[in-house]
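Add chains B and C to chain A, keeping to what the hints say.
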Amino acid sequence: MIVAFIKKMLLLDMLRGLVITLKYYFSPKVTIQFPERVKEPRARFRGIIRLYRNDEGGPLCIACKLCQKACPEDCFDIEGKKFEDRMRPVKFDWKLQRCTFCGLCVEVCPTSAIRFSKEFRLSSTDKRVFFFDLAHMYEDFDLQSYLRGGKKEE
Amino acid sequence: MSFKDIELNMGPQHPSTHGVLHLELAVDNEIVTRVKPFLGYLHRGIEKICEQRTYQQITPLTDRLDYLAAISNNLAYLLTVEKLAGIEVPRRGQYIRVILTELQRIASHLAWVGFFANDIGAMSVLLYGFAEREDILEIFEEYIGARLTVHALRIGGVPHDLDEKIMDMIRASLGTIPGRLADIEGLLSENRIWKHRTQGIGVISGTDAIEFGLTGPVLRATGIRWDIRKDIPYSSYGDFEFDVPLGKNGDVYDRFQVRIEEIRQSARIIRQALDRLPEGEIRAKVPRVMKIAPGEVFHSIEAPKGELGFYIKSNGTDRPERVKIKAPSFINMHSLELMCTGSLFADVVGILGSLDIVLGEIDK
Amino acid sequence: MSGFIVSEIIIPVIKSVAVALFPLVMTVVMIWMERRVVALIQSRLGPNRVGFEGVLQPIADAIKLFFKEDIMHRGADRSLFNLSPVLTLFTSLLAFCFVPLGDSINVFGYTINLWVAESPVGLLLTLGISSISVFGVIFGGWSSNSKYPLLGGLRSVVQVLSYEIPIVLTVLSVVFFSHSISLVDIVASQKAEGMWYAFYLPVSFIVFWISAIAETNRAPFDLPEAESELVAGFHTEYSGMKFAYYYIAEYTHMVLASSLVVILFFGGWLPPFPNVEALSFLGYVPGFIWYLVKIMFFLYVFIWIRATFPRYRFDELIRLAWKWLVPLSLANVMAIALVRSLG
Numbered sequence: 001m002i003v004a005f006i007k008k009m010l011l012l013d014m015l016r017g018l019v020i021t022l023k024y025y026f027s028p029k030v031t032i033q034f035p036e037r038v039k040e041p042r043a044r045f046r047g048i049i050r051l052y053r054n055d056e057g058g059p060l061c062i063a064c065k066l067c068q069k070a071c072p073e074d075c076f077d078i079e080g081k082k083f084e085d086r087m088r089p090v091k092f093d094w095k096l097q098r099c100t101f102c103g104l105c106v107e108v109c110p111t112s113a114i115r116f117s118k119e120f121r122l123s124s125t126d127k128r129v130f131f132f133d134l135a136h137m138y139e140d141f142d143l144q145s146y147l148r149g150g151k152k153e154e
Numbered sequence: 001m002s003f004k005d006i007e008l009n010m011g012p013q014h015p016s017t018h019g020v021l022h023l024e025l026a027v028d029n030e031i032v033t034r035v036k037p038f039l040g041y042l043h044r045g046i047e048k049i050c051e052q053r054t055y056q057q058i059t060p061l062t063d064r065l066d067y068l069a070a071i072s073n074n075l076a077y078l079l080t081v082e083k084l085a086g087i088e089v090p091r092r093g094q095y096i097r098v099i100l101t102e103l104q105r106i107a108s109h110l111a112w113v114g115f116f117a118n119d120i121g122a123m124s125v126l127l128y129g130f131a132e133r134e135d136i137l138e139i140f141e142e143y144i145g146a147r148l149t150v151h152a153l154r155i156g157g158v159p160h161d162l163d164e165k166i167m168d169m170i171r172a173s174l175g176t177i178p179g180r181l182a183d184i185e186g187l188l189s190e191n192r193i194w195k196h197r198t199q200g201i202g203v204i205s206g207t208d209a210i211e212f213g214l215t216g217p218v219l220r221a222t223g224i225r226w227d228i229r230k231d232i233p234y235s236s237y238g239d240f241e242f243d244v245p246l247g248k249n250g251d252v253y254d255r256f257q258v259r260i261e262e263i264r265q266s267a268r269i270i271r272q273a274l275d276r277l278p279e280g281e282i283r284a285k286v287p288r289v290m291k292i293a294p295g296e297v298f299h300s301i302e303a304p305k306g307e308l309g310f311y312i313k314s315n316g317t318d319r320p321e322r323v324k325i326k327a328p329s330f331i332n333m334h335s336l337e338l339m340c341t342g343s344l345f346a347d348v349v350g351i352l353g354s355l356d357i358v359l360g361e362i363d364k
Numbered sequence: 001m002s003g004f005i006v007s008e009i010i011i012p013v014i015k016s017v018a019v020a021l022f023p024l025v026m027t028v029v030m031i032w033m034e035r036r037v038v039a040l041i042q043s044r045l046g047p048n049r050v051g052f053e054g055v056l057q058p059i060a061d062a063i064k065l066f067f068k069e070d071i072m073h074r075g076a077d078r079s080l081f082n083l084s085p086v087l088t089l090f091t092s093l094l095a096f097c098f099v100p101l102g103d104s105i106n107v108f109g110y111t112i113n114l115w116v117a118e119s120p121v122g123l124l125l126t127l128g129i130s131s132i133s134v135f136g137v138i139f140g141g142w143s144s145n146s147k148y149p150l151l152g153g154l155r156s157v158v159q160v161l162s163y164e165i166p167i168v169l170t171v172l173s174v175v176f177f178s179h180s181i182s183l184v185d186i187v188a189s190q191k192a193e194g195m196w197y198a199f200y201l202p203v204s205f206i207v208f209w210i211s212a213i214a215e216t217n218r219a220p221f222d223l224p225e226a227e228s229e230l231v232a233g234f235h236t237e238y239s240g241m242k243f244a245y246y247y248i249a250e251y252t253h254m255v256l257a258s259s260l261v262v263i264l265f266f267g268g269w270l271p272p273f274p275n276v277e278a279l280s281f282l283g284y285v286p287g288f289i290w291y292l293v294k295i296m297f298f299l300y301v302f303i304w305i306r307a308t309f310p311r312y313r314f315d316e317l318i319r320l321a322w323k324w325l326v327p328l329s330l331a332n333v334m335a336i337a338l339v340r341s342l343g
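Chains as they are written, first to last, in our numbering: chain A, 1 to 154; chain B, 1 to 364; chain C, 1 to 343.
By construction, these hints were calculated from the structure, which means they are not laboratory data.
Don't be surprised by glycine CBs; every beta carbon is placed ideally from N, CA and C.
Some hints could be false.
[Said to hold, decoys possible] Part of the chain A face toward chain B, derived, beta carbon under 7 Å: (1) R16; (2) G17; (3) V30; (4) R42; (5) R44; (6) S117.
Next comes chain A alone, as it looks inside the complex (with noise of 0.2 Å):
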């Protein structure tokens, strides 16, 4: 009992908690700078959806409607025409602000023209321009200076 006593008057609980905190004061910190240093999305990172072309720049979409039936948020409104060779889509509405990324769409679709871009910087300062149509859809489209940018009256 003296011992704890003498133990509790020496305050080591207390000096053992000032060394650990010591410890991290000079252990390497784990945070990132971001502007300066962006955090390299991983593989399957699920950044915005977009659609891919196949090889010959012609759209991979069937405008099957399988993305819209899976859904849960009903982002989708996709009507297609049937062209020379085979279906293509010529309304593709997607709405941004509804999407929760959860890849349905991605996994269900069958010529994997949904794909998830690695793309997360997704702000814009006028919410007209998170309702993309077809133009918009496309993974060359330029993302980034669309946001920005805002919606142009027409």
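Same frame as chain A, but now just chains B and C:
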């Protein structure tokens, strides 16, 4: 003005009500005489939304229940659906599910340790817990592509196999956990201020805990051995050796110790699962449009917060007729009044933190 | 005649302004240092964007606070609500009048003492004046007419009442050695003794240090503004510059507490072991620098402690004061009195 009966509204905007909980407290000087929780600030009607969605579409919705342990929610829901539809998940799929769920348990407990310590006033532990949790979220990002609302499991199994890179990441992450836990325990468990703040605070007896229907670490801290992973094994939990950590006094200190020990046991389970990972399929064949014959079923799992159960009633279509969620946070929170009455105002924060409630799960 | 004007008017005015500015400059340094040190302890970097390594961050914060709306809600007691932040800040700055920041220096033939006022009872005045500032906290909590500030104010009354006693008792043990309660004489007596009093009086130093943390409402004793319980304690309802006044007053108090520790136990502006010949080269460093280095060390310890420990609970805080610190400091004073009277 009398100090006898001050009514205090704690929340929904308060630094330590963990989201949007609203407590109405009556305080006599600093002694709490009445606690009344008000819920519903985060109510989204998830149970009702489930009725309009197909079985596949409900899974991402369950991520939003207990958003600190999304995979556990996925697992509880999927096991219920698979039980209802009679789907057998391949062994490799079951093991991968166990690995992911236990990683999620570690992540959830680490986040809890940080928030709880911050409530008590030890501000650095928050970041130490989060630094470790970050490694686990990286593993989730590597595995499925998301970090918080992961949607990592699918009906019939898991969407991806575990490759060597992910297994190495998991092993590396498990390697750093013991050192980090030792630091956290050195800062908290042995500290005299921490002991003053937690020992003998928020005591609940085993009998009371059972009568309130408490589950999870809060129940086990009272010394009652009830862990669904052990008692009603699901998803091949029976294959693994692990201990169920128990407390003695049912106070805040014991809840902390039980959770810290559970992190160690989860790491043990993950190591065993990684070593014994069976070969084979990861996902059973499930039709794209899944219609389930009329029936009803209840299944529960041991989520990080306690017993998480789903009740699903099907009616032959591809959508459930009724989904009911038995959320552990909701039930555990009801013991708040018993624990807090008669204690000091400062302890309400500690007791509330020790219950590990998540408002997404309470308000649903 | 011009010599009289310089020595009796210009120098005192400059000194007064300097002594008022010194805590403010230290506040700016401290805000940056606190955020950086806490961040580094928590494995992150902290503010490093405004200026070199974020040193201008406090200035940016100050400008922000300056332009913030000054909110006073309808139920508040207007005059008291406005008075209390000023009272807190003013008294904590006033206490610096008696704190010697360094030895006397010679500039252009004039001898300048680095303290504004030398009083034979400087120590008592410093402690007394700094204690008045708790009224600002109490009034602020009361006049806000809101429950969280009221609880914060109540807590601070009890806290200050409890911790004044161990502080005065430990100061008494220093006075047994120095035979004076002038702060300048206490430093001078440590020079004559050739030893800092912390080595003679380790128990007094630790008790004084714990009580000083409690007096300045710093973690782990920051109950009047316990963030996770009382939102922001007594200054919950304050915004804009009035909030900034409380903020500056808190840091001024920390600087004052560190200064008192340095002066009472660590030789003020004296270099280490002032009478040892081999270390006499340390005496070429100006006294003010020694003083600054020492208080910066103790300010660092303030932050270090804050980042490490959980917060005490209200009743534990009072128990610590009355059951541990008061008996301990009483026994300490008696033991020292016995030793001094025998030897």
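Agreement of hint R44(A) with chain B interface, Cβ distance less than 7 Å:
Where the cut-off is 7 Å and the nearest Cβ of chain B is about 4 Å from R44(A), the hint holds.
Given R42(A) as an interface hint, is its Cβ closer than 7 Å to any Cβ of chain B?
OK, holds: R42(A) within 7 Å of chain B, min 5 Å.
Would the hint on V30(A) be counted as holding, given a Cβ-Cβ threshold of 7 Å to chain B?
Check passed: Cβ of V30(A) comes within 5 Å of chain B, closer than 7 Å.
When the nearest CB of chain B is found for R16(A), is that gap smaller than 7 Å?
Cβ of R16(A) sits 5 Å from chain B, so the hint holds.
Agreement of hint S117(A) with chain B interface, Cβ distance less than 7 Å:
violated (11 Å)
G17(A) as chain B interface residue, shortest Cβ-Cβ below 7 Å
holds (5 Å)
Checked against the numbered hints above, the structure violates only hint 6.
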